[in-house]
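**Student:** The primary structure of each chain is shown beneath.
Number of protein chains: 2
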Amino acid sequence: MTFISFLGPKGTFTHEAACLVGDELVPYCTIPAVLESVNNDEVEFGVVPIENSIEGPVGITLDSLAHKFDLKIHREIIIPINQNLIVNPGCKMEDIEDIYSHSQAIAQCQEFINRNKIQPHYAVSTAKATKDIIGFKNKAAIGNRIAAQLYGLEILEANIQDTDNNATRFVVVSKNDHEITGRDKTSIIFSIYEDRPGGLYNILGIFQKNSINLTKIESRPSKKGLGKYLFFVDFNGHIEDSVVQDILREIDDNTYFLKVLGSYPEY
Amino acid sequence: MTFISFLGPKGTFTHEAACLVGDELVPYCTIPAVLESVNNDEVEFGVVPIENSIEGPVGITLDSLAHKFDLKIHREIIIPINQNLIVNPGCKMEDIEDIYSHSQAIAQCQEFINRNKIQPHYAVSTAKATKDIIGFKNKAAIGNRIAAQLYGLEILEANIQDTDNNATRFVVVSKNDHEITGRDKTSIIFSIYEDRPGGLYNILGIFQKNSINLTKIESRPSKKGLGKYLFFVDFNGHIEDSVVQDILREIDDNTYFLKVLGSYPEY
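Keeping their order, the protein sequence lines are chains A and B.
Take the first sequence: its letter number 36 is residue 36 in my numbering, and every next letter is one higher.
Take the second sequence: its letter number 180 is residue 447 in my numbering, and every next letter is one higher.
If you're looking for bench data, these hints aren't it; they were derived computationally from the structure.
Do not take every clue at face value.
[What the hints assert, rightly or not] In silico EDC-like cross-links for lysine to aspartate or glutamate, where the CA-CA straight-line distance does not exceed 16 Å:
1) Lys490/B x Glu461/B
2) Lys442/B x Glu311/B
3) Lys495/B x Asp164/A
4) Lys216/A x Glu421/B
5) Lys404/B x Glu421/B
6) Lys490/B x Glu111/A
7) Lys224/A x Glu311/B
8) Lys223/A x Glu378/B
9) Lys228/A x Asp253/A
10) Lys223/A x Glu461/B
11) Lys483/B x Glu194/A
12) Lys137/A x Glu194/A
13) Lys491/B x Asp164/A
14) Lys224/A x Asp431/B
15) Lys384/B x Asp362/B
[Claimed, not checked] Not close to chain B: a few residues of chain A, all C-beta gaps over 10 Å, as computed:
16) Lys10
17) Pro57
18) Lys92
19) Asp177
[Unchecked claim] One-sided excerpt, in silico: chain B residues whose CB lies under 8 Å from chain A:
20) Gly323
21) Ile327
22) Ser331
23) Gly472
24) Pro488
25) Lys490
Heads up, the beta-carbon is just placed ideally off N, CA and C, and yes, glycines get one too.
The whole structure should be built from the sequences, with the hints applied where relevant.
**Tutor:** Next up, the structure:
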């Protein structure tokens, strides 16, 4: 039996993504706890969000993969995010004074919240927010359909997010790379030398001259001071491809930190 | 009299930054409300956080400056962030079950929270969290010294943040650029054409060939779908410098979106 951990509780969007990986699902309450469960061999795979098309990167996922764990991205899953206004049965719009959700869901529905003059409050997850409003007529939550059903609540208004381009990318992490499929992506992290001008420009040039397409470039603070960054780059190709191996060797020679986060099939 | 708005309530780190700008301070409860107050001419300057050395960019500030307001960055202020464990007078470590703060402050003190097995809860600001624990012996807040004093609370442990490289960069926004001082920075946002390979590489090459040093590069989702980014770049120079004008003209010719956020003295 293959066990899979995910960022719980049940009813989160990560739960929805984890359902695509397998049946034996184990919720954990924080992203580092999910990654730790894979690291400790409690489970074979862990599912965590890594970026959202509106809100951007999930910092704790990127930072944990960069600094705390040596795990591999084994697979990626992209889920369209539709946020719903969840209320107790029979509640109307004019009853609602307070709204609860994860900070990213609150941010994704900012226009709806402002327009309806409801006071936002942060919760640790959309599912926890949904659970916490049970029995309160003047409280609403933002969350998904699974969570509303799970707790016997109603959806008063569907698709309340600010834009329709809302999707979250999840990664399935494990201790091993995915075998080569011919349509793969590789994720790496690197730091450039601060004292050499054009550092990032030179690294991007390595991809350019090998005609390798970048699918993502993200900067994160290196935690060593303002203006010092780690770069998270995804590109087409698998670590078993010889061109990818050449590129990684050249990047390694020109950066002071390089970590390969894994090769996996493009979603 | 020059009025200055800031992200309140009183006692936040932004309050500390705003004190360096002037005396007539007006707190607003969200970052868009601060920016709106400048846009509406209610105040001349507004002070908001833009990035933290540990947690990274403040998404709502970057997104608001990119999409919602045509304001100028007039000045930057960098403040070292020292987080403190704030409790009611006489409370001891073993009394504390729950800890409240802004999500960034919680993230900055993750190791301290894990080590002491305290349950974290999110609040809209460090100051609001501090105010909310008044009278509760089993609750603590994470915040700054000003907030603890303001509400008659005690600091049980100082400097509880995970690393000592913790600093936040604030920007003072107004309707006008700052005059040239000879030691200036310029902030811009641009989007590259998705269908042209090496887009970012080519833009960075424009800076490289003009020997202009980038002090920051940050990517943010363009909100148009996964893998589509806006790039926020800070570089040395003022918009009145002829070399900066040449660079901006060349970038404009090679991007489908360019916005100059302002030129201001380096902190």
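**Student:** Taking the hints in turn, state whether each one holds.
**Tutor:** Hint check results:
1. Lys490/B x Glu461/B: Cα-Cα ~14 Å, so holds.
2. Lys442/B x Glu311/B: OK: Lys442/B and Glu311/B at ~8 Å, within 16 Å.
3. Lys495/B x Asp164/A: Between Lys495/B and Asp164/A the Cα gap is close to 14 Å, so the pair holds against 16 Å.
4. Lys216/A x Glu421/B: violated (46 Å)
5. Lys404/B x Glu421/B: holds (12 Å)
6. Lys490/B x Glu111/A: At roughly 14 Å apart (the allowed maximum being 16 Å), Glu111/A and Lys490/B satisfy the hint.
7. Lys224/A x Glu311/B: Status violated; Cα separation ~34 Å.
8. Lys223/A x Glu378/B: Distance ~14 Å between Lys223/A and Glu378/B Cα, so the pair holds.
9. Lys228/A x Asp253/A: violated (19 Å)
10. Lys223/A x Glu461/B: violated (30 Å)
11. Lys483/B x Glu194/A: holds (11 Å)
12. Lys137/A x Glu194/A: violated (55 Å)
13. Lys491/B x Asp164/A: At roughly 9 Å apart (the allowed maximum being 16 Å), Asp164/A and Lys491/B satisfy the hint.
14. Lys224/A x Asp431/B: holds (9 Å)
15. Lys384/B x Asp362/B: holds (12 Å)
16. Lys10: holds (20 Å)
17. Pro57: Non-interface label on Pro57/A violated, nearest chain B Cβ at 8 Å vs cutoff 10 Å.
18. Lys92: The claim stands: Lys92/A keeps its Cβ more than 10 Å from every Cβ of chain B (closest is about 26 Å).
19. Asp177: holds (22 Å)
20. Gly323: Interface hint status for Gly323/B: holds (5 Å vs cutoff 8 Å).
21. Ile327: Check passed: Cβ of Ile327/B comes within 7 Å of chain A, closer than 8 Å.
22. Ser331: violated (10 Å)
23. Gly472: With Cβ-Cβ at 6 Å, under 8 Å, it holds.
24. Pro488: Result: holds, 5 Å to nearest chain A Cβ.
25. Lys490: Given a least distance of 5 Å, the restraint on Lys490/B holds.
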